[in-house]
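Going line by line, the protein sequences match chains S and C.
With this note's numbering applied, the first sequence has no gaps in its numbers, which climb one by one up to 159 at the end.
With this note's numbering applied, the second sequence has no gaps in its numbers, which climb one by one up to 388 at the end.
Hints in this document: simulated from the structure, not taken from any laboratory.
Treat the hints with care, as some may be off.
In silico DSBU-like cross-links for lysine-lysine, where the CA-CA straight-line distance does not exceed 30 Å [to be verified]: (1) S/LYS151 x C/LYS21; (2) S/LYS57 x S/LYS138; (3) S/LYS151 x C/LYS30; (4) S/LYS10 x C/LYS378; (5) C/LYS345 x S/LYS151.
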Amino acid sequence: MEEILEILEKNARASVEEIALMLDMSVEEVQETIKRLEDDNVIVGYNTLINWDKSNKDSVVALIEVKVSPQRGQGFDKVAERIYRYPQVKACYLMSGGFDLTVIIEGKTMKEVALFVAEKLAPLESVLSTSTHFVLKKYKDEGVIFEEDTKDDREALIL
Amino acid sequence: MNMADMIKPNVRNMPPSGIRKYFDLLNEMKDAISLGVGEPDFVTPWSIREAGIYSIERGHTHYSSNPGFIELRRQIANYVARKYQVKYDPATEIVVTVGASEGLDIALRALVGPGDEVIIPEPSFVAYKGCTTFTGATPVVIELKAEDDFKLRPEQLEKALSPRTKVVILPFPNNPTGAIMTVEDQQGIVDVLKDKDVIIISDEIYAELTYGRKHVSFASFPEIKEKTILINGFSKAFAMTGWRIGYACGHPELIGAMNKIHQYAIMCSPTTAQYAASEALSNCDDEVEAMTREYNRRRRVMVDGFRKAGLDCFEPMGAFYVFPSIKVTGLTSDEFCERLLTEEKVLTVPGSAFGDCGEGFIRATYANSYENIMEAMKRIRRFVQNHM
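Same shape as in the complex, but just chain C:
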């Protein structure tokens, strides 16, 4: 019996991400500066950690109800209503998930299978294509363009829609590009989708990390609210990546179906994380704002650094990534990143890891200390000069 053959084809045939070799290179290096991390450098605010610890001390170690403690769901409903002006019923329209990642996964598993198409704008988080493929459905990629500041244009969406389209994924603010959609941009997309029989999954995990403007949720557009699943979480805004806690909000039928899968596969999200999340929503607005202000400063420094190095870089208004073009060096994304790592000990991620249209770009994160960013930008400038 060949073990590999026992694996389901659409899992087995999923290509590896191509970044394996960077881990190996890194292992042999000391003092490399990593701009390849995908999570905040901040530690979870102490009051949140303390709430989690306290819940364990008090012996709160049992299952919660499947969709999460009702108190937490109420808090989430209040938070979403207050921040994004979208109303959800905590009893039937919210499920607390193991990270926003699980929310995405169970949404896809509840909705699509072989024969269905899922529209995925790229470059974007690799989980969209991955989880879609695992369900047997077909990913349909829309290639976003640097000239459009990596926003999704209504014409692109129109072209990609087909009678088999079941789900449209909207990932804004975006990983890896840092792109956001303004209300005008969003209205254009809403107008295309409002009379189509599709479900929209709006991944808004970076909602709190928007700079210079308030985030507007796709779910706040009444024309599409009913068919939109809002995915959000605590990882990025509250620096709770390791806790694995997020949530999904939507129509009772959709959330009910997702909760069904969640119930059988997961039982409930970690209760310690739920208690901690409750504290986050109650008391941590100030901390989130302070972190966002800090990211914003570093964002400006990094964009300026890339431009001074001679690389074309559009200004990202969300998330904590910068996506400059490295085309001027004549290297491929992969060559650029590998050589930057071996020659200057700075790790960045090739844009091609996020979709074919990411070729010619790299992703750098500013979720790192100001000192490390300054030093990395200095080394990148030197590297680009040597490779012009």
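This is chain S alone, in the form it adopts within the complex:
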């Protein structure tokens, strides 16, 4: 099962037939395993990793440190949920250390992101404080180095 996950993590487009061949399993076995992993929420989604800087789309990403006063009886979960329901919030993590939640927000411009934080995030009842950091450049994301030179310069023929 872990091997199927390993393959799909690097290549979400790997077909069931390809995976079956690579792992010496039957197509049905692979299909069933993937369905089970999806149903159990082990596989929660299939995304494409895009370097937006190279596209025409205006995109700005910010990482916000949020300090929260936890809700009685519910801890951080309810507060986190109020935050991550917003579609602009691409990621939300509960953290150890000096602050409670990491919130990653994507917008068209820095102003748009800053306004979102000011108008929607900071005023939330349980939010004590926010600290916004803008991502200037992505070197590596999800295990993929964005600007790697992948030319194969090996000796073409070696006995």
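For this one, chain S is given, so just place chain C on it according to the hints.
Chain C alone, transformed into the frame defined by chain S:
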């Protein structure tokens, strides 16, 4: 004075490998997919590279002791004991060499000369015959067969042994066939060799690249351990081909003699590579396993690709090569490879480059990206269809 005549005969008379023309053909080609490479497509794991770089920054640029840093030899002894259950004394039974290739060379130079015979199973890595010839000794070839999955059979070995046999080379997992020997297979060979006065050189450079089973070293058989030189290295398992670092383990007399040559000819292996190798042995088990899993997937894809193309292909269980038969096309290995390159821009290596019994086969490597392999298999299928 004729320069060519000044060259020692057994060097001068060594025939060229016959693959020169492929380089020339390739040079004129763009977008050829090479399945002829002989090294991992992976780059050395970063932590190993970093350790090498750091050692240079710290100014560790001097010679090490001849057989290699004792700390590295200790790590090698631990690694070999842990992985292959063979124990060696780091102080007297291990030498760190410039690639497994140097280990092979100094072993032969320490053991054989004119009048001695060296048994070499083929198809196999061309260095065995080459280095044997350079010493003046006589290579005695055993032709391995596809029907035997290119394993060495005890009867073949019995037949090849003679009173002049000094060394037997055992190359498993094998380049170019990808063949491995199971414990049962190995026991059969051990039984033949256990009471013969010969030295065994076991080239186990592909030990980590075995699929579906754990590699068993010939040196782990107590009946022959004393007379076996275990050759291994970092090139294939850790993707450190360019670093040139390997090791040889064996009886103190044998390693002592090899170290003598190593000392005079080489002084010591590159120290930067030794520091990097130390990091490899300490911290990189996971990376090796991940690379092996990736090779295994590609192996299945390539074998399937050749079979779907209509070529008979035994399933290789080691190294990163596939050795299908192209006899069904009626072409020679050389014709097949040359035409495949010019017509479909896919480079493979004629099996004949690895020994006469390699004729009728080609070697393709799966040390290439999954995408390139898929594309190459598509082109090969088309080529075979056009040449049936």
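Taking the hints in turn, this is what the structure says about them:
1. S/LYS151 x C/LYS21: It holds: about 24 Å lies between the C-alpha atoms, which stays within 30 Å.
2. S/LYS57 x S/LYS138: holds (16 Å)
3. S/LYS151 x C/LYS30: Holds: S/LYS151 and C/LYS30 sit about 13 Å apart, inside 30 Å.
4. S/LYS10 x C/LYS378: holds (23 Å)
5. C/LYS345 x S/LYS151: holds (18 Å)
When the structure is compared with the earlier hints, no violation turns up for any of them.
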